[in-house]
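Keeping the supplied structure of chain A fixed, place chain B upon it in accordance with the hints.
Chains as they are written, first to last, in this note's numbering: chain A, 1 to 188; chain B, 1 to 344.
Since the hints were derived computationally from the structure, they do not count as laboratory data. Don't take each hint at face value.
[As the list claims (entries may be wrong)] If we take Cβ atoms under 7 Å as the criterion, some of the chain A residues that face chain B in the derived model are: (1) C134; (2) A138; (3) S145; (4) P146; (5) I149; (6) W153; (7) I155.
[As the list claims (entries may be wrong)] Taking beta-carbon pairs under 8 Å as the criterion, some of the chain A residues facing chain B (in silico): (8) E68; (9) K71; (10) F115; (11) V141; (12) E151.
Even glycine gets a Cβ: it sits at the ideal position worked out from N, Cα and C.
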Amino acid sequence: MSSTEQGTSSAAPAEPTTAPESAAAPEVPESFYYVHGKDKVVHKVSAGALQHSALIHGMISNLGYTEEQAKANPFPFENIDGDILQMVVDWCNQHKGKPTPPEDTNLPKQKEKLFDLVLAVNYLEIKELLTYCCKQVAMMVKGKSPEEIREIWMIPTDAEDEAAEKEAKKRAGKEAAGETAAAAGDAK
Amino acid sequence: MSILSGNLLQMPIDLLKFPNDLLREVLKLCDPFELYKLSKCSKKRSQKATILRGTKRWKISYYGGNDMIIWTDGPNYRFKQTDNPEDYFKTTRRYGNYMYIEFPKGGPVELFVYLLELFGIRTVEFLEPSFGEFDNVSKVAKLSIDRKMEVEAFRIRNIEEVQDVLDFMPLLNQMDITREFQCSIKFPPEFHFEFVKYPSQIYIRESSWFTIGQLLDCTCVRIELDNSTFNNRDLDVFLHEWKNAGAFPNLRVLKIESEKIDNQSPILEMIPPITNVNNPRIEVSINNKFYYHILDGVPVNKDDGTEGWLKVELGGYSPRLQFLIADPADTVVEEIPEDDDDDW
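Same shape as in the complex, but just chain A (with noise of 0.2 Å):
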């Protein structure tokens, strides 16, 4: 699992630690590069994890940054929950190098935010975890009845849904009329 520090902004990070490496480790040096999320945390991850993601495989593969300019550069996810960015960064190293295996166990172990995963996963352009999340996702309501389905994946029944639209005009044209009494203040 990688190490990550705390920082206070992207454009000062402390020093983090190295992630592990892999029982084989490589006979040249490897490159790093630095990300962080919404939490400001960095984490310091290899070129060879951060190839899984098109994202950052393509922000970084023309940069040519030394340690220290990647160190005072890292990439900012701001719309990433930093315990997200950690998973993410976790399954990447470990798949370092690797090919996804179609029936993949061998993920971070949290008990949260798969739809957050998912987002995040998706931004990042990380396809083999984003094919296995969608599965999981799709696996959830394999058996299930209807009724199980919808409160899984959250889904309104047509009642709710007619209820909603009709709040929503409701506000839409308490809105409308707000604006029209405003204009005509204002025309006074």
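Just chain B now, with coordinates in the frame of chain A:
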């Protein structure tokens, strides 16, 4: 245990807040049973799911009973009626992929419409009344006409009341049957029917009503007519017509069984039986959208050089003519070694 296999999976997830491309990835992994159940949660949301899932290429089959089959790119899914609420949405793989459901008040026809609309289906794979029940199938056939749907295969067999089929036949030409029409009904002698448009293949078991004029107009790839009234002269006329360059461009297989085929007059200047008696024996087979083969056929050529293989037998269950038109792309002509028979 992983994040995705532990308690996390039991937690609700607001699927509908997923962006469409992501939602599509999840829905692609859902089968017809899951989408059907989703439709029972919320009709409005399931319509969106169906659009994203891309189910328009799925097909439906109906055999007149209380189940309906959805054909996907993978396995088939059968929706089967049950009156026991405890069994609703239960699935079994015992004799195929079944899910038990409550049928709507309007019965199978209403369910058919529901599934068409739910999955955006435009094609019927098979439509065939079984167990003598024709009423629901005829209603579904009318529906296919109204909705301008393609019906790939329509089969009328084992019907108890011939009158039901007689009443239906005028509608047959309004159906868009593309691949196959099969009919095993013995109609009354005065029955007459002419196809406006032919599907790719026809198999008519009691074909005395099918005239030589219709055969000469037929555009099918494969024609099989049993209990026909064609005689040697009819078949001779047909085959001479076929020999003209450009005639019957689609035809690959013709099989006629008729008691009127005999050895009293020639077919293509040959007196039946017409078979290859030389060694080695020759087997010609087509393996394309269907398989068909002729053993011991005699080669005959069209004016443009196209090769056909003809065999006319007089013995056996009924005299019959078989005619296969070769195409190098899918036809194999093989010599069968004499010893092969001894292996059996």
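Structure-based check of all given hints:
1. C134: Holds. Min distance 4 Å.
2. A138: Interface hint status for A138 (chain A): holds (4 Å vs cutoff 7 Å).
3. S145: holds (5 Å)
4. P146: Given a least distance of 4 Å, the restraint on P146 (chain A) holds.
5. I149: holds (6 Å)
6. W153: holds (4 Å)
7. I155: At 5 Å from the nearest chain B Cβ, I155 (chain A) passes the 7 Å test, so the hint holds.
8. E68: violated (34 Å)
9. K71: Not OK, violated: K71 (chain A) not within 8 Å of chain B, min 29 Å.
10. F115: Where the cut-off is 8 Å and the nearest Cβ of chain B is about 5 Å from F115 (chain A), the hint holds.
11. V141: holds (6 Å)
12. E151: Since the shortest Cβ distance to chain B is 6 Å, the answer is holds.
Figure legend: structure checked against the earlier numbered hints; hints not met, in rising order: 8, 9.
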